[in-house]
Every structure is written in C-alpha cells, then in structure tokens.
Amino acid sequence: MINKTIITILFSVACFAAPDEINESFIKAAKSVKHSVVSITIYERKTDGAGPNFSKVAYGSGTIIDDGYIVTNYHVVMKGDYYQVLQNNVLLELMKFSSGSYYLADPKTDIALMKVKNADRLPLEPVLFEDSNKLSEGEWVLAIGNPYGLSQTITSGIVSSKGRDNIGFTDIEDFIQSDVPINPGNSGGPLINLHGRLVGINTAIRSESGGFQGISFSIPSNMVKQVCRELMAHGRVRRGWIGFLAKEQWERSPHEGYYLKIISVIKNSPAESAGLRSGDIIREVDGEKITTLGSLIKSVGNKPVGSKIEISVSREGRFENVRLVLRERMVYKKIRMSMNKLFSLYGIEIDENAETGDVVISYLSPKSIAYNLKKGDVIMSINDTGLSSLDSFVRAFSKHKYRITKMRVNRDSRVLDINVAEN
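First residue of the sequence shown? That's 16 in the working numbering, and the numbers climb one at a time after it.
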C-alpha cells in the first residue's frame, strides 16, 4: 500500500512538471527576441494652408536582422512618407537608400527592408533564423508585435498548416498558417518557435469581420532570408526565369484534377534551350507536384538565379525529365527602369499574367494621378499603341518618352478608354 502511494505521488509530480517546463520555454523564447522587435508608426504628409504636416495612418512592426537592417511588410511601409521606429521606447533613426526612399521592397512577396543609421554604435540584437522547412504542423509558435500601437505584445498558438498558396495576398505565396492571434499593427513582426528563433514574418489574417478569427498567415523565414539577401546585395530581387506561358486545365482520369499546360515557349529562353514545347504538361519541379500556376510560381520563385532545376513533363503520353538553369530575364534591366519610372511618375505597378501574357495593373498608389484606373485592369494600349506583353509595354513606354496620356483597359470584360493626368 505504501509503495502504491509513493508511485501515485511521483506520477502526479511528473504531470505537473511538464506544464511548468512549457511555460518556461514560452518565457525564454519571448525574452530572447524582446530587443529584436521594433514598433513602427507610419505617417503621411499632408499639405494645408499652413504648410506641410504629418498625419498618422497606421501601425506596424519590424524585426531586426543583420547589419542594422529591419525586415517588415511592404504593405506596412508603402503608404508612408515618414516613419517613427522604436526599439523598447528608444527612437531609431533610419537612413535613406540611394533611391531616396526609407525602404527597399519586393512587392511580389510583401517584404520590405529598412536600415538603422549608425547601427554599429547601437545595441541592436538581430534575431536568429530557423530553417522554416523544419517547422511542424501542431508546433507551438509565438508572435511579437505592435497591434493597435501596443508595443511588445506577445501572443501564441500552433502551426495549422504550411505551404499555403492561392490565398490572394501576394504574387508569390508560401504562407505558414497558424492560429496565433494577429491584429492590425502586428504585420512585419516575428513569428518564433519555442527556441526563440525566427520561423516567419507575420503578414495577414483571413477574416470576414476584419477582426481575428483564428487564421493567420506568416511568410516563412527561408523566403524572408532569400529576399532580404537579394535586396541587400542588389536593391531588388533577381528572380529565376524559365520562359514559357502556361494555363490551368481540368484533366479527367487517370490523373483527374487540375494540371498546367504549356501554351507558348519564349524564344532564347531556358525553356526553349531545354527542349520544352507547347502542349507539354508540367507534372513536377524538383520532385514537387505542380497543378496550378500558384504552385509553379511558388516553386520557381523561391529559387535564386543560377539554380539548376528538373522539370517532369508528360508529352504525348510519355513522361520526360528536363533539366535547365534558371536565369534572369535578359530584358529585365530595361523592364526595371521602366517600372521605376512608371511608379515614380504615375504611382502604378504592373505585372505580366503568366497564363495569357496580358499586362495587368498589380498595384495603384493611393497618391496616383491615374486615380481612374483600378488594380486588376488589363492594359490593352497606351497612347494608342497596342500591347501584347510586358516587353511590348516597355517598348511603347520608351517610344512615348515615358509619358502616358491615354490608356485602353479591359475591366471585368468591359473595354474602357481612360485619360491619364500628367504630372
């Protein structure tokens, strides 16, 4: 009887020890990144009769990484003219990049970088990165941020799913889904594991009401690391290019479901050099199943220029493996110059539809002088010059000396002629 009692008592102590250990893990993890998280207040310049002044428009968060850089979300900083960045209530002064902006950005992944002035003289503590591929569904994670201006707010939850794409937030999506409570102002803050290492950057929620409903999305740390390296080294993200247009189709047995069919191969592209053809059906990239444009963009978009990839295709009933090297699009330099001019002059960002080749408005600045255009408009012509691709837009934009007075667009199957105001 005595022995049984001792066993019961020991068992009870062991049961209560586990929650204490978990609690201690939460506390240690939160403490380890406390000095790596900043609060961002975004201000917009207003002009009235008394002169310029600044109006607060939003809150955000940021995560300190190497060499005084702060990673945050593009959607956090894109609306601002001035930013107040606080690390534990200490004001950090930001430096301007050569472009004159306070940030570098990659809109396709919603990642932006800021840099602290005189960072080497400040006690900044960069966060430690974890390999996000090691993250498991069901694993505990913490979010730290600045929701509604409440700095250093810590929330917790578990990883619900990984590799979420086709959500509609960004062009390249590979989100970590969790049930960690995220609110306005959390964007740009870290998602960490119980070892205090960065596994993601908190970005968005799925909600019908606008409030948190148990579904949060974070950009995985591996994508964050790759994009930040590119921005630091080149001021932009160089992306691997294959060189074909494809469309999603429904396939009946034996492989019932969606598949991706090549409809056009671009001349002098890696795809042409590797022998890919119109009509080929894309099955896998590096062993990863491909069924949608989103899954292809995620797979290729996460690989740097120069990467060797293997594409599995079905062709006339046979399976073939094709190897190629991703390279940067040859005309990218001209495209980038035109994109910069288009945004600085008109507040417009455009992209090429991977299925049709159409030129689509992907972002319209709130300050754009082309206020009668809308995100999603397909640009058919500028100044009466017809367009068939992003390359044709660049040629036309250059031909008209970077001035646009008129656009013809397709909006929800309606053709509209839009007059564009001039700066």
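The hints are simulated quantities; they were obtained by calculation from the structure and are not laboratory data.
Only a predicted model underlies this, so the values are computations on that prediction, with no experimental measurement involved.
All C-beta atoms, glycine included, are put in the ideal place defined by N, C-alpha and C.
Careful, some of the hints might be misleading.
Label pairs and their in silico Cβ distance ranges [what the hints assert, rightly or not]:
no.: 1; residue 1: 151; residue 2: 352; range: 35 to 45 Å
no.: 2; residue 1: 106; residue 2: 293; range: 50 to 60 Å
no.: 3; residue 1: 301; residue 2: 332; range: 37 to 47 Å
no.: 4; residue 1: 115; residue 2: 325; range: 38 to 48 Å
no.: 5; residue 1: 384; residue 2: 46; range: 29 to 39 Å
no.: 6; residue 1: 343; residue 2: 401; range: 37 to 47 Å
no.: 7; residue 1: 228; residue 2: 323; range: 26 to 36 Å
Straight line, CA to CA, 16 Å or less: simulated EDC-like cross-link-like pairs of lysine to aspartate or glutamate [to be verified]:
no.: 8; residue 1: 323; residue 2: 303
no.: 9; residue 1: 416; residue 2: 399
no.: 10; residue 1: 390; residue 2: 406
no.: 11; residue 1: 240; residue 2: 108
no.: 12; residue 1: 130; residue 2: 108
no.: 13; residue 1: 304; residue 2: 335
The hints, checked one at a time:
1. 151 x 352: 35 to 45 Å: holds, 44 Å
2. 106 x 293: 50 to 60 Å: With a Cβ separation near 58 Å, residue 106 and residue 293 satisfy 50 to 60 Å, so the hint holds.
3. 301 x 332: 37 to 47 Å: Given about 23 Å between the Cβ atoms, the range is violated.
4. 115 x 325: 38 to 48 Å: holds, 43 Å
5. 384 x 46: 29 to 39 Å: With a Cβ separation near 49 Å, residue 384 and residue 46 fall outside 29 to 39 Å, so the hint is violated.
6. 343 x 401: 37 to 47 Å: violated, 27 Å
7. 228 x 323: 26 to 36 Å: Given a distance of about 42 Å, which is not inside 26 to 36 Å, the answer is violated.
8. 323 x 303: Holds: residue 323 and residue 303 sit about 14 Å apart, inside 16 Å.
9. 416 x 399: At roughly 14 Å apart (the allowed maximum being 16 Å), residue 399 and residue 416 satisfy the hint.
10. 390 x 406: violated, 20 Å
11. 240 x 108: Violated, at about 23 Å.
12. 130 x 108: holds, 9 Å
13. 304 x 335: holds, 14 Å
The structure does not agree with the numbered hints 3, 5, 6, 7, 10, 11 stated previously, though it agrees with the rest.
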